[in-house]
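Colleague: Heads up: the sequence shown is residues 799 to 1019, going by our numbering.
Incorrect hints may have been included.
As the list claims (entries may be wrong) - Subject to a maximum C-alpha distance of 25 Å in a straight line, what follows is the list of computed SDA-like cross-link-like pairs (lysine to any residue): (1) 843 to 854; (2) 834 to 858; (3) 1008 to 830; (4) 1018 to 833.
Unchecked claim - The following label-pair restraints were derived from C-beta to C-beta distances: (5) 1016 to 900: 29 to 37 Å; (6) 983 to 954: 29 to 37 Å; (7) 935 to 843: 37 to 45 Å; (8) 824 to 864: 24 to 32 Å; (9) 982 to 922: 24 to 32 Å; (10) 937 to 1010: 33 to 41 Å; (11) 881 to 922: 22 to 30 Å; (12) 923 to 900: 31 to 39 Å; (13) 867 to 824: 39 to 47 Å; (14) 833 to 945: 21 to 29 Å; (15) 911 to 979: 18 to 26 Å; (16) 863 to 897: 43 to 51 Å; (17) 1012 to 856: 22 to 30 Å.
Rather than coming from a laboratory, the hints here were simulated on the basis of the structure. For glycine and all other residues, C-beta sits at the position ideal for the given N, C-alpha and C.
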Amino acid sequence: MGMTMAVSLPWDRRVIEASSQSAPDDWLGDVTGDRKCFFDFPNYKQGFPLVHIFNYINTYASAYGVGNERVGTVGTFYGGGPASSIFMGFNDEIWSRYSVGEYAGLDDSDGRPYTRNVFNRPTSDDSILLAKGLQSPNFDALRVAMPLVGIERLQEMGTKFIMCNNALNSWGFELEARGKGAAADIDAVLRANLLPGVTVVPAMVIAIEKAQEAGLSYNKQ
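Let the sequences and hints guide you as you build the complete structure.
Modeller: Next up, the structure:
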């Protein structure tokens, strides 16, 4: 069994500035509505955690008549190693600079490693990832679904995405160990290239607890 490790370092002002908030738990104010759920996914799992967030929002609308404005969801970017979800929270610059597709084993339909954040604005061609997750040939329903479950699209539907500061620090050290530069320089680049709307929190283990205290349901992916 693999082990996920995040190095715990002090919570400091640079993280507060990076996330544009004044206190560690202010992100909870971005989760609105009377149906709220925290989706916990330390691994990217070919994008299926994003599918499940969309399914939660869409099912409330279609089966229960509860509009998006009444549904609040949270997604998580953290963990360590190539299977983690940490890199889902960065823009295309990071994916290209640090060869994220190659690192994570994420290949497009032509078998080439992605050099863009495929999870942010996916196209129907990117449904190959869902097919791989199902260990199935690709099919039309997946091609239709894939553009609907991108991070940007889910943000438009009210989803809040958060990233663990400890995991972010840890990935910087890992990239340094892989010869990508000095950890301090890597850290600055990473924090400057978060996806819009992604908030860095002190530690995901605390964010999960805070979400429970705030009344959010918990869904482990």
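Colleague: Now, for every hint given, state plainly whether the structure supports it.
Modeller: Status of each hint after checking the structure:
1. 843 to 854: holds (17 Å)
2. 834 to 858: Status holds; Cα separation ~11 Å.
3. 1008 to 830: holds (15 Å)
4. 1018 to 833: Roughly 17 Å between the alpha carbons, so the hint for residue 1018 and residue 833 holds.
5. 1016 to 900: 29 to 37 Å: Cβ of residue 1016 to Cβ of residue 900: about 33 Å, so the range 29 to 37 Å holds.
6. 983 to 954: 29 to 37 Å: holds (33 Å)
7. 935 to 843: 37 to 45 Å: Since the Cβ atoms of residue 935 and residue 843 sit about 19 Å apart, the hinted range of 37 to 45 Å is violated.
8. 824 to 864: 24 to 32 Å: holds (26 Å)
9. 982 to 922: 24 to 32 Å: With a Cβ separation near 40 Å, residue 982 and residue 922 fall outside 24 to 32 Å, so the hint is violated.
10. 937 to 1010: 33 to 41 Å: Since the Cβ atoms of residue 937 and residue 1010 sit about 38 Å apart, the hinted range of 33 to 41 Å holds.
11. 881 to 922: 22 to 30 Å: holds (25 Å)
12. 923 to 900: 31 to 39 Å: Once the Cβ atoms are compared, 19 Å apart, the range 31 to 39 Å for residue 900 and residue 923 is violated.
13. 867 to 824: 39 to 47 Å: Since the Cβ atoms of residue 867 and residue 824 sit about 20 Å apart, the hinted range of 39 to 47 Å is violated.
14. 833 to 945: 21 to 29 Å: holds (24 Å)
15. 911 to 979: 18 to 26 Å: 20 Å Cβ-Cβ, so the 18 to 26 Å window holds.
16. 863 to 897: 43 to 51 Å: Hint holds: Cβ distance 46 Å, inside 43 to 51 Å.
17. 1012 to 856: 22 to 30 Å: holds (23 Å)
Consistency note: the structure conflicts with the earlier hints numbered 7, 9, 12, 13.
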